[in-house]
Amino acid sequence: MTELVLCDVSRRYGAALAIDSLNLTVSEGEFLTLLGPSGCGKSTTLASIAGLDQPTGGRITFGDRVLVDADTGAYLPPEARGFGVVFQSYALWPHMTVENNVAMSLKLRKVPSAERKKRVAEALDLVELGGLAKRYPGELSGGQQQRVALARAIVFRPPLLLLDEPLSNLDAQLRQQARVWLKDIQRELGLTTIYVTHDQDEALAMSDRIVVMRGGKVIQLGTPKDIYRDPQHPFAASFIGNANLLEVSGGAVAEPGACTVTLADGQPIHGRVPVGGLVSGKQLLAVRPHLIRHEACADASEITVEFGAESYLGDHFEQDVHVAGITLRLSVEEPQPRGTGRIWIRQQDAVVFCADS
Amino acid sequence: MAFLSRTGPHHGTASPPPFDRARLIQWLIFLVTASLMLAPALPILLQVVVDRPLYADDWQFTLGNIAQIFQSERIGRIALTTGLFALFSVIIAEVLGIAAALLIGRTDMPGRKVMGDVLMWPLYLSHLIFALGWVIIYGPSGFVTQLIAQSTGEAPWNLYSIAGMSVVAGISQAPLAYLYCLYGAVRSVDSTLESAARTTGAGPLQVLRKVTLPLMIPSIITSTALNLVIAVETLSIPLFLARPARIDTLSTFLYAEGIAASNPNHGLVAASSLLLMTLVGSTLMLQRMLLRHGHRYETVKGKGSRPMVLGLGKLRWPLAILFATVLITTVVVPIAGIILRAFTSFLSPLVPVSKVLTLNNFDKLFADEANIRAICNTVEIALLSAGLGTLLAVAVALVIQRSDFRFAGTLEALAYSPRVVPGMITGLGVFYAAVILPPMGWLRGNIGIIVVAYVMATLPLAMGVIQPAIVQIGRDLDRAARTVGADWSDAMRFILLPLLKPALLGSFILLFVFHLKSYIIAIFLMAPGLEVMGVSMLSLWTNGDVGVLAAFATFQIVLVATLLLLARFLFKVKIYD
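Protein sequence lines, in the order shown, are assigned to chains W and V.
For reference, each letter of the first sequence is one residue, going 1 to 357 in our numbering.
For reference, each letter of the second sequence is one residue, going 1001 to 1577 in our numbering.
None of these hints come from the bench; they were simulated from the model.
Yeah, the Cβ is synthetic: ideal placement off N, Cα and C, and Gly gets one too.
There may be inaccurate statements among the hints.
[Claimed, not checked] Partner residues are not named here, just some residues of chain V that face chain W (Cβ under 8 Å, in silico): (1) D1476; (2) L1477; (3) R1479; (4) T1483; (5) V1484; (6) G1485; (7) A1486; (8) D1487; (9) D1490; (10) R1493; (11) I1495; (12) L1499; (13) P1502.
[As the list claims (entries may be wrong)] No more than 35 Å apart at the CA atoms, straight line, and that leaves these computed lysine-lysine pairs for DSBU-like: (14) W:K118 to W:K107; (15) V:K1210 to V:K1113; (16) V:K1501 to W:K118; (17) W:K134 to V:K1501; (18) W:K110 to V:K1501; (19) W:K183 to W:K110; (20) W:K118 to W:K183; (21) W:K134 to W:K118; (22) V:K1314 to V:K1210; (23) W:K134 to W:K117; (24) W:K107 to V:K1501; (25) W:K117 to W:K183; (26) W:K110 to W:K217; (27) V:K1501 to V:K1113; (28) W:K117 to V:K1501.
Take these sequences, add in the hints, and give me the full structure.
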């Protein structure tokens, strides 16, 4: 098993820390996504693995090879690592044809011409661009360019594929197709892949595991289902699935399990604590908009609210509700009449975290 | 899928080279640049503090040369003249340049395109040619001067004065101020800035004065500094116009003491060179200090915005006529004068031109083998220097901008250091270096020595063309090359260099034209058989062969014009764009 291991990796720019003691292990064949808002350190992490950026602390190894070690000063330049990289900008060389873009890595490796031609053709067939070999990048559409970039990154059979927001320059429809297509290729080739994105849908749809990052740190690591259904941190809950975050107060809870919190106006909500160690006082309650109901159901806390403005989003409405000085977003099929009304939140859907996390 | 079935053993990485090739190449570029820049400077510094020429034996250290500079009343007077001349010429150049940039770049003045092109002529020609044109037309026995003197009885002006020199130098340097203001500010100012001012109620003229002009300040400072430097180091304008009136500037003094004198006082020459370099260096330092807060004038923000065109209204035609008159009298007429003089035996309002037409000057010009040699040498030297200079500039620029080389900052400072060294002194330094540094000795007596001096002197010029072009190329392109297995040098060779082709061509043509017309740098490096056009023209002037000189100048004008037109239409390269 060739594992990629990041151990205490940090990247400091002057006084700012772009990555803060990151630890991560990626196993062979895995599709791992680094997910977070811009500035969270995900691209810097990817660049450190690729060798395009040099961490100021920590160590990265791949199998038994040390890629970089800040303590010993060891540093392998990108060309000696041999990982495939797809850039957000695609970075296709505009003065070379598609064919030559893809063939570059093989030429540099002195692969004989016949074999080279065959492999370039295979790679272009794989990304369904066989007919465009003689074109220049400027003559291709965004989606085609992105495919060329992928073909260029995998033609030399790298042991690790690094993708930096490769779909962010495509329009919405194309992005969805590309997502399925990219995942298929990855699965067929069994390529270990690290994928950087700020798009939660991409992350959920494609990944074996997701690393949620913020401020250069790992917030949560887990399978897409874990991350979505069982957020361990209010940031994970709000960034993935847009959960409402409410300020509430409650008592101390040491172990994961059930708890009860109150809103500022005194209404109680029954919820659950995923990580424990909750101190009494101010706490944060996360609840997803589509899990807030406006009909009574079992095992749910009933809350009296004021229904407010709604906006039409095609397949559903989003409606504001006001309670105890805070505003919640609600996802409903039909908007509720404005004015006083009631909502229900099931205990399993109300997740309570420490206020300062 | 075929691809899948072949995913056997990974094809590994490109085998790492046994040594770090990229680092080696970067060091090599650094060392070449450092020795090229320092080799000529160090001997000058040495010459300042020794008591006899470096090539003599038994020299001893002394501070006498420096003392001599500060004690000499003559040098004080010369420094003052140089300062006045520089100041006046820069004021003229800046006023003309700024006005032209605003009028041509921003208004609906009729004929602005053609006038913009004519305004550039002096930049394509050497000071030597321009000064000659002025002497032929406006000198004491010049055509126009005589014409006016005939009717009024006395000469209307005296070109052979500080004022005369300043006008000629000012007009020949106006294009530089114009270019900086046009491209640095007038063309690139985001027009929304101006629109914003207009929405607050400012009229178009107020906008020009309160928004556009202040945004031009960095361009004005930069072009002022450059023009000051050029005014201080120019030789031919003071030599043609001031020497006859027994006025000396630092450059003519250096020329007289170092070249023309039978027994050159090298200590004094080196010490005055140092003085000149200090002047130039402090000017450029001042410019950098003034521009330290340059971001306050950040103008290039919006892209593709179309500059607002200002309607001049009733002033349209009067301004156009005024501007055209200035250009015709100061640029077109002197150049026409040179060409006319080349085809006549004598040029005077008293004799009809048709009676003195002749090809004699050209016959004489091409009859002299030394002149033919000068033309061949110049072309050969210009080709070599432009090629090598472009090559060095792109290598240095790539290390500075696209590598993690530890001394990239030092390299950049070194590469731009020739800016503080006036051209004549570059030549002097190379001459000294060839005398005392053994490895440079083999350059003596062949064109190599001039090529070295040219490459050194014009490195900042070439970098100025190439560096902005590198900035335009996204960093991901070479990073992508690294990830597929190219080391730094391969990434530069396969990706950056091909993408830089247009900039390299532009740099080559700019340098080639520059070297064709250059004469200052080569002055100290002349030897029999090593003539170049500019220096031969200078000696024609000294010998009083104005007819042959005008023919030579005409030849050079045609050569440069052909080249520029070829570049423009064949390669689509517009230099100074």
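Verification of the hints:
{"no.": "1", "hint": "D1476", "verdict": "holds (4 Å)"}
{"no.": "2", "hint": "L1477", "verdict": "holds (5 Å)"}
{"no.": "3", "hint": "R1479", "verdict": "holds (5 Å)"}
{"no.": "4", "hint": "T1483", "verdict": "holds (4 Å)"}
{"no.": "5", "hint": "V1484", "verdict": "holds (4 Å)"}
{"no.": "6", "hint": "G1485", "verdict": "holds (4 Å)"}
{"no.": "7", "hint": "A1486", "verdict": "holds (6 Å)"}
{"no.": "8", "hint": "D1487", "verdict": "holds (5 Å)"}
{"no.": "9", "hint": "D1490", "verdict": "holds (7 Å)"}
{"no.": "10", "hint": "R1493", "verdict": "violated (11 Å)"}
{"no.": "11", "hint": "I1495", "verdict": "holds (6 Å)"}
{"no.": "12", "hint": "L1499", "verdict": "holds (6 Å)"}
{"no.": "13", "hint": "P1502", "verdict": "violated (11 Å)"}
{"no.": "14", "hint": "W:K118 to W:K107", "verdict": "holds (13 Å)"}
{"no.": "15", "hint": "V:K1210 to V:K1113", "verdict": "holds (26 Å)"}
{"no.": "16", "hint": "V:K1501 to W:K118", "verdict": "holds (31 Å)"}
{"no.": "17", "hint": "W:K134 to V:K1501", "verdict": "holds (22 Å)"}
{"no.": "18", "hint": "W:K110 to V:K1501", "verdict": "holds (26 Å)"}
{"no.": "19", "hint": "W:K183 to W:K110", "verdict": "holds (30 Å)"}
{"no.": "20", "hint": "W:K118 to W:K183", "verdict": "holds (24 Å)"}
{"no.": "21", "hint": "W:K134 to W:K118", "verdict": "holds (15 Å)"}
{"no.": "22", "hint": "V:K1314 to V:K1210", "verdict": "holds (22 Å)"}
{"no.": "23", "hint": "W:K134 to W:K117", "verdict": "holds (13 Å)"}
{"no.": "24", "hint": "W:K107 to V:K1501", "verdict": "holds (22 Å)"}
{"no.": "25", "hint": "W:K117 to W:K183", "verdict": "holds (26 Å)"}
{"no.": "26", "hint": "W:K110 to W:K217", "verdict": "violated (41 Å)"}
{"no.": "27", "hint": "V:K1501 to V:K1113", "verdict": "holds (28 Å)"}
{"no.": "28", "hint": "W:K117 to V:K1501", "verdict": "holds (28 Å)"}
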